[in-house]
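Throw the hints in and build the complete structure from the sequences for me.
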Amino acid sequence: MEMKFRIYRFDPDADKEPYYQKYQISANPSDRILDCLNRIKWEQDGTLSYRMSCGHGVCGSDAMKINGRCALACQKLVKEYEGQEVVLEPLPSYKVLKDLVVDLEPFFEKVKLVRPYLISETIPPEKERSQSPENSKQLDTAIRCILCACCMGACPVVNENERFIGPAPLVWAFRYIFDSRDDKYRDRLRQLDYPDGAWACVNHYECTRVCPKEIPVTKYINTIKQEIQKTKDKSSPA
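The numbers in the UniProt record's numbering rise by one with no breaks, and the one at position 175 of the sequence shown is 175.
There's no promise every hint is true.
What the hints assert, rightly or not - BS3-like cross-link-like pairs, simulated, lysine-lysine; straight-line CA separation at most 27 angstroms:
| hint | residue 1 | residue 2 |
| --- | --- | --- |
| 1 | Lys4 | Lys110 |
| 2 | Lys127 | Lys4 |
| 3 | Lys112 | Lys230 |
| 4 | Lys137 | Lys219 |
| 5 | Lys95 | Lys79 |
| 6 | Lys184 | Lys225 |
| 7 | Lys4 | Lys112 |
| 8 | Lys110 | Lys65 |
| 9 | Lys41 | Lys98 |
| 10 | Lys232 | Lys112 |
| 11 | Lys213 | Lys112 |
| 12 | Lys110 | Lys22 |
| 13 | Lys95 | Lys22 |
| 14 | Lys110 | Lys219 |
| 15 | Lys65 | Lys98 |
| 16 | Lys65 | Lys16 |
| 17 | Lys95 | Lys41 |
| 18 | Lys16 | Lys4 |
| 19 | Lys110 | Lys127 |
| 20 | Lys112 | Lys79 |
| 21 | Lys4 | Lys22 |
| 22 | Lys110 | Lys230 |
| 23 | Lys184 | Lys137 |
| 24 | Lys127 | Lys184 |
| 25 | Lys232 | Lys213 |
| 26 | Lys137 | Lys127 |
| 27 | Lys79 | Lys213 |
| 28 | Lys225 | Lys137 |
| 29 | Lys65 | Lys184 |
| 30 | Lys98 | Lys16 |
| 31 | Lys112 | Lys95 |
| 32 | Lys213 | Lys225 |
| 33 | Lys230 | Lys184 |
| 34 | Lys79 | Lys22 |
| 35 | Lys41 | Lys22 |
I should point out that these hints are in silico values taken from the structure, not numbers from a laboratory.
What follows is the structure, given as structure tokens:
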């Protein structure tokens, strides 16, 4: 089938303003949007810039806006857009470096803030630190996060408030708050208990809708809020 694409173009070193460029290619219904991008770049326009790596929804590098919805180009199939013009744009909220490539350093800095690693004050055991099957299952879905930033691009709060820590960092915080092997439960909750932390989320659910790994992001953020409140209630005098 013939597929029409309209792609956001902007080179800060050469362009005064962003613009959209149109392309048309032949594609199979089972082709991915990433396949189409590669064909456009390899056969029509070598100047087109975008990120890609594994091509299998594992690395998260090819996140972009596809017809108004943040998604991974390697997961979206041509047949989903049959009869439509496919509009490709960079993830919102981030500085465009070139075309569909954005600067994700501010995103990764926010992830670093939640200390995305186990912190234990006990002497390391001879083997690994043990975790119950129940606790592991509780975290099974949260650990799917591949840091693609689709949730950040889709979040209306992130788009309006650059200080909001954002949904992806909160998912990573959830993963360690509820890990029985971590010793910083209260400290992690206190870190998120501020207006631009967990409380900035107002339940738009866009993060959950776009997550390519089907993580219930909003549910996890609300669970963090509830846990923060529980610790406050326990510490309040009777």
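request  = Tell me, in ascending order, the numbers of any earlier hints that this structure violates.
outcome  = Violated hints (numbers, rising): 1, 2, 5, 7, 12, 19, 20, 25, 29; every other hint is consistent with the structure.
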